[in-house]
Amino acid sequence: MGENAKSGTASGSFKKLLKSPRLWILIVTIAVLSVLQPGVFLTRANMISILLSISIYGIMVCGTIFPILLGGIDLSVGAVAAAAGAACVVTIVNHDFSNPSVLTGVLFGLGIGLLVGLAHGIIVSTFSVPPFLITLASQYIVYGIAQLLTQNNVIACMKPATFAFLGGGRPFGIPFSIIIMAVMALISYFILNRTVFGRTVYAVGGNVEASRLSGVRSRMVIIVCYMFSGLTSALAGIVLASMNRQAIAKAAQGYDNFVLTALVVGGASLMGGEGNITGAIWGAFLVGMVSNGLRLLGIASEYHGIFKCIVIVAAVSLDATMRYRKSGLQRRRRRKVSVS
Amino acid sequence: MKMLCRSGRGVRKLSEYLLEMKGIMKSFNDNPVLKNVDFDVKPGEVHALMGENGAGKSTLIKILTGIYPKDGGEIFFDGQSVEINNKNDASKLGISCIYQELSLIPTLTVTQNIMLGKEKRIGGFLNKGKMRKEVVELINRYGFHLNPDANVESLTIGQRQTVEILKALSEQSRLIIMDEPTASLSSKESDALFEIIGNLRNNGVSVIYISHRLEEVYRLADRLTVLRDGVREAVLEKDEIVPAEVVRLMIGKELKHSSQSNEFRVSDQPVSLEVKNLTRKGVFHDISFQAHRGEILGFAGLVGAGRTEIVRCIYGADPYDSGQIFFEGKEIKPSIPANIERGFGLVPEDRRGQGFTPLLSIERNVALTNYDTLARNGVVNAGAERRLGNEMVEKLSIRPFDSQIPVGNLSGGNQQKAVVAKWLSRDMKVMIIDEPTAGIDIGAKDEIYRILEDFASRGTTVLLVSSDIQEIMKVSHRILVVTKGAIFKEFSNGRITEEDLMMAEFGIDEEEAEKNG
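Chains as they are written, first to last, in my numbering: chain Z, 1 to 340; chain P, 1 to 517.
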């Protein structure tokens, strides 16, 4: 189990935090980048810029972790984000940029996310189709919907201010998208660590049949998990559209990969049953910081992928080794459970 | 020794036996499993091998097929001393073991599966025509009914077994071992298998047939060897095979231990659970019984008799086709969550696969069935959860004494305690417990028995499924014997012996037999 299994006293968790390899990896990364970029990397402006760039992924990760914990996967997050952003923008544009239409637009966008998630959940829990296939297929379907909504154009949307606030507002100087990410992370954390539903997610992800025999309505759990993943993707897409002041079908291309990477770097097991939200957010931070640092160093973008992945592999290996040692246990081969 | 064997080879005396195992010894951790066992098979005979669980049948077969090394003794094949150190050695000699569909690749055709690893080639290409021809010849020679081009995944389990047998024959097998081959076959498929076995015999292939089903052995076997406690108890010729006698040989003449049961009786407490004509097609049929409050009702029978399937249906884990289930006088339609609310609980047979979530801690596993009391409005009371976990660890002395350890890291006995703990704090009405002590140590066993008695004394109805005869006789208040998907006999009156129970499990009714005989 990750640290979420253990909720100790406050000082206990602080000690645990100090011992956490993740914290040190983060500190070392920041230190290295600060030394390489004196006076540029470790500035308030750059920190905010990093936060902005990871806030979208951060919001997604909060929901996408649920199917992962079940041993499933959601590959449609980027497409759902694009479609939701497009739906929101198109609604606003069609209603003359009126303030009430922002609300309808947002609800419309979120509705798309929930519907796609519902479909995933029903199909995955009813038919024994691998979630990988279903969500890969729907990635293209939903992307198609995004194209239809935008007519394959870039649709600009500079007004009204309420819409622009979602991705660009700065109450108390903090970007609003960061606040949204923080709120979503708290919600996810609460669900996973404090609710019966969260407990059953880990149980179903670890052993579906044992959970079913213990009275868990596993079908319901699966459906809700995919719906939540759709919801956060849609929310991220709307924030992204607001940040960019435009809707475009290709808006969130490649985000699926980033989100998955952040989750895995953050210690979630693709076999299910293992992972937590703090790890996932940490993963998003690490990957976001590394790409920002590379850009600041003036390294040609062709090399970014290579460097990013080297850092990721190093981080994951180190994390896994440390956890392995700490556990002091031989890692057992786990039965692959099709949740599925 | 070696010299002798060489000279033996020179003379090449024709042995009466295809296979002779002499003085085979085998121990596990200083625990003798085979004590000087002799076993022989003639060419072209069906030789049945019988014995209780743990008598040493599997070990003997594993030595013969090179899976285990033997500690002592000699094996002669075709009159020559042979060393079988691995599976390859065995198959070179022409010994093969039929596993249920395990070694087949479902997406390949029958021909491809049979020729796997010995494909015929022309140049660098597969000679499909020749391979198919060989398989067709094989099918015809032994009179099988099988489409060589069918995909294995489209075949029934019986047909897959046939493919396995063909595969063995294509490797020039002269001795085929079948371990419980009819366990998952329908009666029609079994008949087809018996016909195949007959054909094998007619073609000079020997078969070692391991089965608990006496009537099959009675029908097929030319000879029969009974093992008991790692010793060859008897070798019977065809005309000496009498079912009741075979069972007596398996149990042993002198009764083991005190081997008396409880004083069985029908409880005078009110009926809590009643099942009427419960049927699941092809699995069990017309199951009717009443279970009383505070009663431990044992379900005895052989593995595969349908006991697990019956109790799972009652719990709501599997659907059934017809029949009724009544709980406290009212008919219920079982669903797991509703049943748990009613006070039902299940400790399943497949502990690791169905009993617990290995990654989760003891605390979380135990809590999973208890969130109706451990949570309010869907929010977990972490303190109460922790207290329950600790309480259970202490109460059942689950070692190590730490409720935060993942259940997957515990020993078998402690894992089982954790599974039982899921139900222990609840107000249980019907506790279903399936093979509760399989593979766990004595201490944990006693603990489990104590828990069951505890449940009963608090008025819980306990349905206990067990294949361990001594256990079920010791713990149950009353026993239903299930054979072939039906209740064959009820022991509800006075004491019985192990032999009585064993006979019933094998479907032999002694009273009937005495009347008729």
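Derived from the structure by calculation, the hints contain no laboratory data. Any given hint could turn out to be false.
Stated by the list, open to error - Partial chain Z-side listing against chain P, Cβ under 7 Å, derived:
hint, residue
1, Pro100
2, Ala137
3, Thr195
4, Gly206
5, Asn207
6, Glu209
7, Ala210
8, Leu213
9, Ser214
10, Arg219
11, Leu270
12, Gly273
13, Glu274
In this text, all values refer to a predicted model and were calculated from it rather than measured experimentally. We put the beta carbon where it would ideally sit given N, CA and C, even for glycine.
Structure-based check of each hint:
no.	hint	verdict
1	Pro100	33 Å, violated
2	Ala137	22 Å, violated
3	Thr195	5 Å, holds
4	Gly206	4 Å, holds
5	Asn207	4 Å, holds
6	Glu209	5 Å, holds
7	Ala210	5 Å, holds
8	Leu213	6 Å, holds
9	Ser214	5 Å, holds
10	Arg219	11 Å, violated
11	Leu270	14 Å, violated
12	Gly273	5 Å, holds
13	Glu274	6 Å, holds
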